[in-house]
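Undergrad: For reference, the chains in residue letters:
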Amino acid sequence: MKQPEHKLIKDKDIQLMTSLVLRWGVLLSMGVVILGGIVYIYRHGHEAIDYSTFTGEPYFTRNLNAIAVAVVNFKGRAIIQAGILLLIATPIARVLFSVVGFVLEKDYLYVGITLLVLAIIVASMMGGFGG
Amino acid sequence: MSVLVLTLIILIGAYAAGLVGSLTGLGGGVVIIPLLTILLHVNIHYAIGASLVSVIATSSGSAAAYVREGITNMRLGMFLEVATTSGAITGAIIAKYLPVQYIAILFGVVLIFSALLSLRKKVDHIEKTKNLVAETLKLNGNYPVGDTHVAYNVQNVGGGFIMMIFAGMMSGLLGIGSGALKVVAMDGMMRIPFKVSTTTSNFMIGVTAAASAVVYLQRGYIDPGLAMPVVIGVLLGAFTGSKILVNAKADKLRYFFSIIITLLAIQMIYKGLTGTI
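Going down the list, the protein sequences come from chains A and B. Everything in the first sequence is counted per this note's numbering, starting at 13 for the first residue and increasing by one. Everything in the second sequence is counted per this note's numbering, starting at 528 for the first residue and increasing by one.
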């Protein structure tokens, strides 16, 4: 018996999936940021602070491994930064899901375009532009 | 100032910025940066870093709703993200070498331009002319109006793409969503219905901002102590704004805020010109 050609999923499913990824990504990351904020305020709330001159950030807020280590040590600012990383990862995860969606939809033109967007973001991460 | 007091002040300011940004359609980013730099004397690099993070949050949060409603043209968004993300990286690289005075002046100019655009009449024009490039790239779409779906065609793909590279660059350089520029490209050049333009622009802003945020993070421009109240405040403010019904009064409110934003923009330019930023 010859199967009629049909797509595994439709645009509507991709829309729903995208919507869920974005919503939960934002909620989760905000939860982590708030938790980190409470720890940070509890520990450092009465210290003086000044943001008027740019001094750069301590290493434990700029590097993935260093953030992870500091989170384990329950440093408030590192937990906030982990939440911010989750937030930055949210739209990137949305792009990743789109690749899967377009593959299932057999839209190979858009698999290519979406992979190109991912490649640009990876280049931004790994390109050493942060120095 | 102590951390606790400053965090509370920024939280309130960010809430106001998110609310005004949402009501005017300008976005929280362009409001929070002058607020932080002019009123609270925060260094512009820190302000831009924190704003970028808040831009990702508001864009992703509202895109979640629009995508589900089927207004967003996801293929168009994906295609144009090639332009905006590469522009964003370029902008983030330039940001390191451009003196802060120039960043402030450029910011002011983009802000005034955005405020003017937000006051324009919004018309959903439906383009029926066929365009070969748009058809090949499957960019044409349809969107729900009442109970039916209205189909539209996309024009001037090349011009829109180039404009998007520019919009991405401004986003990466100034830490804003540059929604106004994206809408110019889509609504003005590509002849896409206004509603689709704004929601698709919103959809692209998160990825665009993420592309430059990874550079800013590694460079130490994202301070968690500052970004925390900014992102929470802007997101809550934007959420409140989206719940306020758009009526005639809201229209007057928009004019009022646009004037205030323009004044802030002029002050940014002045500070940039006199080198006091």
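Everything labelled a hint here was simulated from the structure, so no lab data went into it. Wrong hints could be hidden among the right ones.
[What the hints assert, rightly or not] Here are the computed lysine-lysine pairs in the DSS-like style, where the Cα-Cα straight-line distance is at most 30 angstroms:
{"#": "1", "chain 1": "A", "residue 1": "Lys-118", "chain 2": "B", "residue 2": "Lys-657"}
{"#": "2", "chain 1": "A", "residue 1": "Lys-24", "chain 2": "B", "residue 2": "Lys-623"}
{"#": "3", "chain 1": "B", "residue 1": "Lys-657", "chain 2": "A", "residue 2": "Lys-24"}
{"#": "4", "chain 1": "A", "residue 1": "Lys-24", "chain 2": "B", "residue 2": "Lys-779"}
{"#": "5", "chain 1": "A", "residue 1": "Lys-22", "chain 2": "B", "residue 2": "Lys-665"}
{"#": "6", "chain 1": "B", "residue 1": "Lys-665", "chain 2": "A", "residue 2": "Lys-118"}
Undergrad: Next, verify each hint and record whether it holds.
TA: For each hint, the structure was consulted:
no. : hint                     : in the structure
1   : Lys-118(A) to Lys-657(B) : holds (25 angstroms)
2   : Lys-24(A) to Lys-623(B)  : violated (42 angstroms)
3   : Lys-657(B) to Lys-24(A)  : holds (25 angstroms)
4   : Lys-24(A) to Lys-779(B)  : violated (38 angstroms)
5   : Lys-22(A) to Lys-665(B)  : holds (15 angstroms)
6   : Lys-665(B) to Lys-118(A) : holds (14 angstroms)
Going down the numbered hints, you'll see the structure goes against 2, 4, while the others check out.
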